[in-house]
Amino acid sequence: MSSGAVAAANERRLTIARAMAEAIAQEMRIDPSVFVMGEDVGTLGGVFGNTRGLFDEFGGERVRDTPISETAFMGAATGAASDGMRPIVELMFVDFFGVCFDAIYNSMAKNAYFSGGTVKVPVVLMTSTGGGYSDGGQHSQCLYGTFAHLPGMKVVAPSNAYDAKGLMTASIRDDNPVIYMYHKGLQGMGWLGTEPAATVHVPEESYTIPFGQAAIVREGKDVTIVSVAMGVHNALKAADLLAAKGVSAEVVDLRTLVPLDRDTVFASVSKTGRLIVVDEDYHSYGMTGEIIASIAERDLSVLKASPQRVAYPDIPIPFSRPMEQFALPSPEKIIEAYEKMKGRRGWRWM
Amino acid sequence: MYETMLVSRFFEEAIEAIYLEGKKPVFNMAKGPIPGEMHLSNGQEPCAVGVCAHLTSSDIVTSTHRPHHAAIAKGVDLARMAAEIFGKKTGLSGGRGGHMHIFDPDVNFSCSGIIAQGMGPAVGAALSRKMQGRDGVAVSYIGEGAANQGAFHETLNLAALWKLPVIFVIEDNAWGISVAKSASTAIPNNALRASAYGMPGHHVTGNDPIAIFAAAGEAIALARSGGGPSLIDIETDRLAGHFMGDAEAYRPKGELEALRARDPIPAFARRLQSEDALSDADLAAISDRARSKVDDAIGFARESAYPEPDEALDKVFV
Ligand SMILES: Cc1ncc(C[n+]2csc(CCOP(=O)(O)OP(=O)(O)O)c2C)c(N)n1
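As they're listed, the protein sequences go chains A and B. Sequential numbering of the first sequence, starting at 1, is according to the UniProt record's numbering. Sequential numbering of the second sequence, starting at 1, is according to the UniProt record's numbering.
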């Protein structure tokens, strides 16, 4: 369990935004090579609050507002990182990365390899993901799969503030480029209608959560539901609904997509025999397919039924509320996926 | 031009009021009849009307995340635009696009919420007109923040190189969200950049529709006569927050009040009275006409039905 059982007396509940800012501040205090740059990260403290307080503590030299020049500052991050700095770079929505993608996937992510491992590029990219509040097709995507697909960068997507802090500290200390993708609906910004379960106890002292270690956030024996970020909360809600029907669901929070903890997923599916993968990213060529393929490749015989996916349909995200809500994954869709799996069960189901 | 400025302002005021329905006391973007982000254009109307007054429906305009004033000045169907902003089935895209994605091919208007990404399409439309031997100019609106985007520099060079009939219009409202122009741009005015790409640069101060009209007239005449692109840099004022819900703590004290005191709409009205001898009654009649256009459009949007949820799956391909 990531958020852990903590004595209520010393509870310190933080939003993901504050947990991220705290982790950054703690690393900046001990490591002068860490600095932050991006649009509106300075006095505004980040559009989604994850750099709040940093400008006041560290000043404009280490917390730099940039022009809207992503190609320049993503490239600059690569250069600064290769020269001994540890830049943390914010680009507020993942949807905006198209304008500077080359600097990331062709340089930042490949330079270590091109140099035979002699050049390190310790950059952390921070960006928001997700929709649900009618922000339209250029401000609501997740694109987890897009970044996870390309080799050379690690991909982090926390579901709660405890993980958010530990994963941020680990990201900053990692010698490789990391993209840290936080979901807008978990960020703890009231104006985005936040998921309350993401705001949890966060210890004050610094700690890391190792990459590539999924968390079993709910134990169960009948079906495994695998997800990240907002999907984990949908999965937990679905697990409650399934429990009411007498079905015991295990929920796996991947926490990092690269590296991917295939072992934990496989062990869980070996136990339950049934798999549903939930993703707010697009259905095809993405995380859902990757998880199912991992099981199929290793040992198909652990499956008692065809795995199911609950993902975003392969459409641009519609603005209008009824259409967007129709397209989003939800606990109800996870239940439907379970029923469908049951309807199609073969001889192995029991 | 005055009437169009009023339509634009009344439209934004109506959208602002409706946007806040369901968002009080707790501001949550997901709630109310108009959810999502909302970027209003109050104060920037002169940039829209001063340029678009020279255009016909066959000319092309590409706009930004802050598109309503330009859309109105270009003649986008007001009722269907309002319905789009509400996410209704009768909207320009049936509710698929929303406020940052206004597309009206009948008047060749489109926009993108990604900074500077309307620029390439404007250049391409101008290229298309040139290659097809068809008349028409393309106008690309951007903010001063977008002038630091790679696309700005690439498109200016391309348009000048190929001598395309395109006009780049910078609406310099001095702010890119919370970042002041002085903190993002190394030179005082972006019109200076025009010479680096081999095109005329106009710098227009005072947020004055007549001065903008004059500069745009020159640039558009040049483009229409085969003389290639121009850059028009306009100092304007953003009288609203970056988006609805913006606390605007980054603004220096008193700035907003000072900007409101020089609101271009009353200033234009005073000028029409003194220079063109329009009476109070004339102005009131214009205002009434503008108001009723907006009321009709908003009424249409309110009454229209939402799309069926599964219409989300249509129109991915055509
Ligand atoms: C490529 C890209 N980067 C960042 C953003 C986020 N963003 C939206 S509006 C904005 C500020 C734009 O400033 P400006 O171009 O001056 O236009 P204004 O908002 O003042 O009209 C930013 C940074 C974006 N939409 N696209």
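No wet-lab data here; the hints were simulated from the structure. Any given hint might turn out to be false.
[To be verified] No farther apart than 27 Å at their CA atoms in a straight line, the calculated lysine-lysine pairs in the DSS-like style are these:
| no. | chain 1 | residue 1 | chain 2 | residue 2 |
| --- | --- | --- | --- | --- |
| 1 | A | Lys237 | A | Lys342 |
| 2 | B | Lys130 | A | Lys333 |
| 3 | A | Lys245 | A | Lys221 |
| 4 | A | Lys333 | B | Lys315 |
| 5 | A | Lys221 | A | Lys304 |
| 6 | A | Lys245 | A | Lys304 |
| 7 | A | Lys110 | A | Lys120 |
| 8 | A | Lys333 | B | Lys31 |
| 9 | A | Lys237 | A | Lys304 |
| 10 | A | Lys304 | A | Lys333 |
| 11 | B | Lys315 | A | Lys237 |
| 12 | A | Lys271 | A | Lys340 |
Predicted, not measured: the structure shown is a model, and the values here were computed from it.
Cross-check of the supplied hints:
1. Between Lys237 (chain A) and Lys342 (chain A) the alpha-carbon distance is near 19 Å, which keeps this suggested pair within the 27 Å criterion.
2. Between the alpha carbons of Lys130 (chain B) and Lys333 (chain A) the distance comes to roughly 51 Å, so the proposed pair goes past 27 Å and is violated.
3. Pair hint Lys245 (chain A) plus Lys221 (chain A) holds up; C-alpha atoms about 14 Å apart against a cutoff of 27 Å.
4. Proposed proximity of Lys333 (chain A) and Lys315 (chain B) is supported: the alpha carbons are some 23 Å apart, at most 27 Å.
5. Distance restraint check for Lys221 (chain A) and Lys304 (chain A): the Cα-Cα separation of roughly 13 Å lies within the 27 Å cut-off, and the hinted pair is therefore satisfied.
6. For the suggested pair Lys245 (chain A) and Lys304 (chain A), the alpha carbons sit about 19 Å apart, so the restraint of at most 27 Å is met.
7. For the hint pairing Lys110 (chain A) with Lys120 (chain A), the CA-to-CA distance comes to about 10 Å; that is within 27 Å, so the pair holds.
8. Pair hint Lys333 (chain A) plus Lys31 (chain B) holds up; C-alpha atoms about 23 Å apart against a cutoff of 27 Å.
9. A distance of roughly 23 Å separates the Cα atoms of Lys237 (chain A) and Lys304 (chain A); the hinted pair therefore holds under the 27 Å criterion.
10. With a CA separation close to 20 Å, the supplied pair Lys304 (chain A) and Lys333 (chain A) stays within the 27 Å bound.
11. For the suggested pair Lys315 (chain B) and Lys237 (chain A), the alpha carbons sit about 32 Å apart, so the restraint of at most 27 Å is broken.
12. In summary, the hint linking Lys271 (chain A) to Lys340 (chain A) is supported, as the alpha carbons are separated by about 20 Å, within the 27 Å threshold.
The structure shown violates the earlier hints numbered 2, 11.
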